[in-house]
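Enquirer: Listed below are the residues making up each chain.
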Amino acid sequence: MTQVIISPAKANSMYWLGRYTERVYLELHLLRICFDFMIDGKPEEYNRYLASIGNTFLYPDLAAIRSGLVHDKNNPVSVLACVEMANDNAILLRDEIMSPTLGYIQMSLEYLRHAAAESKEPDLDELQKLTDWMLAFWGSIEERVYDERVKNFLRLGKLIEHLDMNIRFSYKFYRIEEAFTSLLKCYDFEPRAFSGDALEDLKKLITEQEYDPRDPVYVNKVLLLLGKVVIL
Amino acid sequence: MQSLIKNRDSVNRWMERYGVRFGVYKNGVFNEQLFPFDSIPRIIEKEDWKVLEKGLIQRVKALNAFLWDIYHDKHIIADGVVPEEFVYASKGYMPECEKVDPTGKVYSHISGIDLVEGKDGRWFILEDNLRIPSGASYPMIAREITRKVSPITFVENHVADNRDYATILKEMMDDMNGGRGINVILTPGRYNSAFFEHSYLAEKTGAVLAFPGDMTVEDDIVWYTGLFNEKIRVGAIYRRISDEYLDPLAFESSSLLGVPNLFQAYKKGTVAVINGFGNGVADDKGIYYFVPKMIRYYLDEEPILHNAPTYLPYFKEDYDYILENISRLVIKDVSEAGGYGVVFGRDLSLEKLSELKELIIHQPRRWIAQEVIDFKDLEILESNEKVERKADLRAFVVSSGKDVKVWKSGLTRFSRNPDSFVVNSSQGGGFKDTWIMD
Amino acid sequence: MKRYRFTYESETSFSAQVTDHSFMLRATPLDCGPQHLLSHSLTVSPSPDSLSEAYDAWGARQHYGIVRNGHDGFRYRSEGIVEVHSEPRKEPKPSPVFMTNTPLTGFIPEMKALCAEGDSLAAAMTIAGRVMNAMTYLPGSTGVSTTAGEAFSQGSGVCQDFAHIMVAVCRECGIPARYVCGLVIGEGETHAWTEIWHDGAWYGIDATSGLRCDDRYITMAYGRDASDCSVCRGMFRGLALQRTSTKVVVEATDE
Chain D
1 MTQVIISPAK ANSMYWLGRY TERVYLELHL LRICFDFMID GKPEEYNRYL ASIGNTFLYP
61 DLAAIRSGLV HDKNNPVSVL ACVEMANDNA ILLRDEIMSP TLGYIQMSLE YLRHAAAESK
121 EPDLDELQKL TDWMLAFWGS IEERVYDERV KNFLRLGKLI EHLDMNIRFS YKFYRIEEAF
181 TSLLKCYDFE PRAFSGDALE DLKKLITEQE YDPRDPVYVN KVLLLLGKVV IL
Chain R
1001 MQSLIKNRDS VNRWMERYGV RFGVYKNGVF NEQLFPFDSI PRIIEKEDWK VLEKGLIQRV
1061 KALNAFLWDI YHDKHIIADG VVPEEFVYAS KGYMPECEKV DPTGKVYSHI SGIDLVEGKD
1121 GRWFILEDNL RIPSGASYPM IAREITRKVS PITFVENHVA DNRDYATILK EMMDDMNGGR
1181 GINVILTPGR YNSAFFEHSY LAEKTGAVLA FPGDMTVEDD IVWYTGLFNE KIRVGAIYRR
1241 ISDEYLDPLA FESSSLLGVP NLFQAYKKGT VAVINGFGNG VADDKGIYYF VPKMIRYYLD
1301 EEPILHNAPT YLPYFKEDYD YILENISRLV IKDVSEAGGY GVVFGRDLSL EKLSELKELI
1361 IHQPRRWIAQ EVIDFKDLEI LESNEKVERK ADLRAFVVSS GKDVKVWKSG LTRFSRNPDS
1421 FVVNSSQGGG FKDTWIMD
Chain A
2001 MKRYRFTYES ETSFSAQVTD HSFMLRATPL DCGPQHLLSH SLTVSPSPDS LSEAYDAWGA
2061 RQHYGIVRNG HDGFRYRSEG IVEVHSEPRK EPKPSPVFMT NTPLTGFIPE MKALCAEGDS
2121 LAAAMTIAGR VMNAMTYLPG STGVSTTAGE AFSQGSGVCQ DFAHIMVAVC RECGIPARYV
2181 CGLVIGEGET HAWTEIWHDG AWYGIDATSG LRCDDRYITM AYGRDASDCS VCRGMFRGLA
2241 LQRTSTKVVV EATDE
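Protein chains in written order, with the numbering used here: chain D, 1 to 232; chain R, 1001 to 1438; chain A, 2001 to 2255.
Isolated chain D (complex conformation):
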């Protein structure tokens, strides 16, 4: 099997495809929690959720928040916007990831575009399809892509996004540590994809002692470094 030839632009697309698909998957998971808060109508709970995910859009009522977080393509944190971004990268990579893999992103996009066009209230039951398709996307990568570098760049994006979201939502340290250890394995595989300085800084901050997801200064510092550590 000959090695796949990757341009810098394609490696960049792989990284972002990994990030956005992971983001879609995690957002759907977290949205279920947020919608659950809304049932009990505790504004401080779901306001914290909106702040953590970085929502800056104002919506008049709960129904508008719910549909905005899923269907508002102008809101960069909405599920639709993230699927659009995943698709913008995936479509450039058809020859690396193969049409059937791209299909899972295309189906997700079509589903959400239709739902948004019909201004449907997001249906958590139906949205399970998207969760399944995101998992199928990663399964399809595993099944169809043999080039380790391609997998590594996708995985890099996935891990960065995973760390980013888990820190935003104050996950326990062991979850962060697991993902960070995997990230370091990616570094061993292809150190040239990393900013050595940013990685050293991250190593100092991602320790049990330092970890403080409730401190906005800490969180901002780590999120900023996560955004800089991969240079593709």
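Because the hints were derived from the structure by calculation, they are not lab data.
Errors might be hidden in some of the hints.
Stated by the list, open to error - Some but not every residue of chain R turned toward chain D, in silico, with C-beta under 7 angstroms: (1) R1190; (2) A1194; (3) L1209.
Said to hold, decoys possible - Distance condition first, Cα-Cα at most 30 angstroms in a straight line; then the derived DSS-like pairs of lysine-lysine: (4) R:K1091 with A:K2002; (5) R:K1268 with A:K2112; (6) R:K1050 with R:K1231; (7) A:K2093 with R:K1293; (8) R:K1105 with R:K1050; (9) R:K1099 with A:K2112; (10) R:K1402 with R:K1268; (11) A:K2112 with R:K1074; (12) R:K1061 with R:K1402; (13) A:K2112 with R:K1091; (14) R:K1231 with D:K151; (15) D:K73 with R:K1026; (16) R:K1316 with R:K1268; (17) R:K1148 with D:K129; (18) R:K1119 with R:K1402; (19) D:K120 with R:K1026; (20) D:K151 with R:K1316; (21) R:K1026 with R:K1105; (22) R:K1268 with A:K2090.
Beta carbons are placed, not taken as given, at the ideal position from N, Cα and C, and that holds for glycine.
Knowing the structure of chain D, use the given hints to seat chains R and A on it.
Expert: Then chains R and A, alone, in the frame of chain D:
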């Protein structure tokens, strides 16, 4: 009937899933549209195909010989078969290509020859597309999907397998490449109307999908820039960017799509460019008239396939005939492509007709006129009913240095509009599978 | 016959570093027909990763290559000694491409008044005089992509525009004509004029002066229009504004 509807709907659903689309700009906004598939195939019997295949190979061989001749010794002009103004006044003629020898002497590697079938079963050539003919990917993927959603169809019908297009393409690219480097498919980018096709062909042939900026030229060698400044030599470029935008240092300087100094490397023969530079001179609507003459001239054979009866206002006899019969002819502007600049005399008011006559009198070289062919209509499904519509066939002919092959399939496009004779996909319409019976 | 020492020097500065800078230069006088290049050298800096040579479709010499590493300036210098004879450039039959106008040399109906008939050399001289009278030489009033029609409509332009209009009108009148780019004695920039074909040879005519060209005109390139004769083209990676200054010196010499 029920199964046709079911097949149509499932195939279209799968095509949507695989992102089989083409982009269109409408009022400056980019939109990706589906290209609707119709499940009633066009069927071509084995015996008929044998004739078509032979005729297409013959035609493409003559066209390649013409291109070589035009850019080298120009015997065909000296011998008075083609008037020189038809060659040099053509927008597609590129003086830069004079005396340049493309790899294997091949200019048109992938030729898209458009045909229509008359009511009497005779085929006519509508036009030759020798620059960057598109559309093969749609029947490729549609067949693959149909085999999956309805295997029984192909158990019951003995249809030639058409899943070899990628192999034919790859073998041709490998032959042109000659082991000098990698094969790439060069796309203008995702906002090009045929981007799906570019990426799908890359997936299927294993060629690298290259974007503008991915390649540079150093010492007359084309290099693909890999990760971390890795330099990988390119041996063959299947480019989907037209000549004028392909090298900003040789042609249109404002182009951001090209590979700077690619033309110099091409001139030195270090890389195959598929299709070659300068092919526009041979698929010009005006040169079309002369293709049967080329076949006799270069191959010493009688043309197997016929042109639609065509008149050139350039010749006195034809000029008189056109002005006399304009109201029942179809008039084409030779400088326009893709269904644009095609006018049916019978659709015009008297006033418009005389305006058109004026144009022809003023610029006779710019126009050709053809008899309207009585197309054989094909059945399509309109909602859940069978109706008849105009359709054409684009056959794909692949030429390497070794051989010329016709893909046992093709793109059958039809018009949705019952009154329209124009079946170009950029003007609406759909496509169907083309079955060559085994 | 005259001999000249010429120097063509150009310097481009970029507002930021650029990389993978490909270039193509057409800055060398022709060495054929009534013109002989007695000596020539060309230098490019920063030192390019490749520097190759070729001839364009009409026989002009091209130097091209690439500078890969980051740089914020690009310079080249073409110099040598050229001998020029005052005789037309012989060619038994002109290429028909010089009989068809291009987008840059598009003829517009308003130019009809410039047309002339009869013996093609005499007619072309009449046309040149009419172009000169109809146009005002005004630097800065047009750009590199200004068409003959645009320049003619505004009534002003530079040598490129005069030559384009001259070419447009000649071709419309059935006289084969081509655009020429080259150097003239003194200091300044490149100059542009026209060659028309008459009875087995190409004759240079300068529409800015309305006169026939002689051994004071050094030809670097000719073609269908100015875009066939670009002295320098480049393409690079990076976001940068660029500013180019060019200096041409041509002096008579006995060497």
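Enquirer: Sort out whether K1026 (chain R) lies within 30 angstroms of K73 (chain D), counting only the CA atoms.
Expert: Holds - the C-alpha atoms of K1026 (chain R) and K73 (chain D) are around 21 angstroms apart, at most 30 angstroms.
Enquirer: Is the straight-line distance between the alpha-carbon of K1119 (chain R) and that of K1402 (chain R) 30 angstroms or less?
Expert: Since the Cα atoms of K1119 (chain R) and K1402 (chain R) sit roughly 37 angstroms apart, the hinted pair is violated (cutoff 30 angstroms).
Enquirer: Check the hint pairing K1050 (chain R) with K1231 (chain R) against an upper bound of 30 angstroms on the C-alpha distance.
Expert: It is violated: about 46 angstroms lies between the C-alpha atoms, which goes past 30 angstroms.
Enquirer: For a C-alpha distance cap of 30 angstroms, please report whether K1105 (chain R) and K1050 (chain R) respect it.
Expert: 26 angstroms, holds
Enquirer: Interface hint check: L1209 (chain R), Cβ to nearest Cβ on chain D, cutoff 7 angstroms. Holds or violated?
Expert: Holds, because the Cβ-Cβ distance from L1209 (chain R) to chain D comes to roughly 5 angstroms (cut-off 7 angstroms).
Enquirer: Taking 7 angstroms as the limit, does the beta-carbon of A1194 (chain R) come near enough to a beta-carbon in chain D?
Expert: 13 angstroms, violated
Enquirer: Assess, step by step, whether the Cα of K151 (chain D) is no farther than 30 angstroms from the Cα of K1316 (chain R), and give holds or violated.
Expert: 67 angstroms, violated
Enquirer: Could you grab the alpha-carbon distance between K2093 (chain A) and K1293 (chain R) and see if it respects the 30 angstroms cut-off?
Expert: Roughly 26 angstroms between the alpha carbons, so the hint for K2093 (chain A) and K1293 (chain R) holds.
Enquirer: Check whether the Cα positions of K2112 (chain A) and K1074 (chain R) lie no farther apart than 30 angstroms.
Expert: Violated: K2112 (chain A) and K1074 (chain R) sit about 35 angstroms apart, past 30 angstroms.
Enquirer: Decide if the proposed pair is consistent with the structure: K120 (chain D) and K1026 (chain R), CA atoms, cutoff 30 angstroms inclusive.
Expert: 27 angstroms, holds
Enquirer: If you take the shortest Cβ to Cβ gap from R1190 (chain R) to chain D, is it below 7 angstroms?
Expert: Check passed: Cβ of R1190 (chain R) comes within 6 angstroms of chain D, closer than 7 angstroms.
Enquirer: For the pair supplied as a hint, K2112 (chain A) and K1091 (chain R), is the alpha-carbon distance within the 30 angstroms limit?
Expert: 24 angstroms, holds
Taken one by one, the earlier hints fail for this structure at numbers 2, 4, 5, 6, 9, 11, 16, 18, 20, 21, listed in ascending order.
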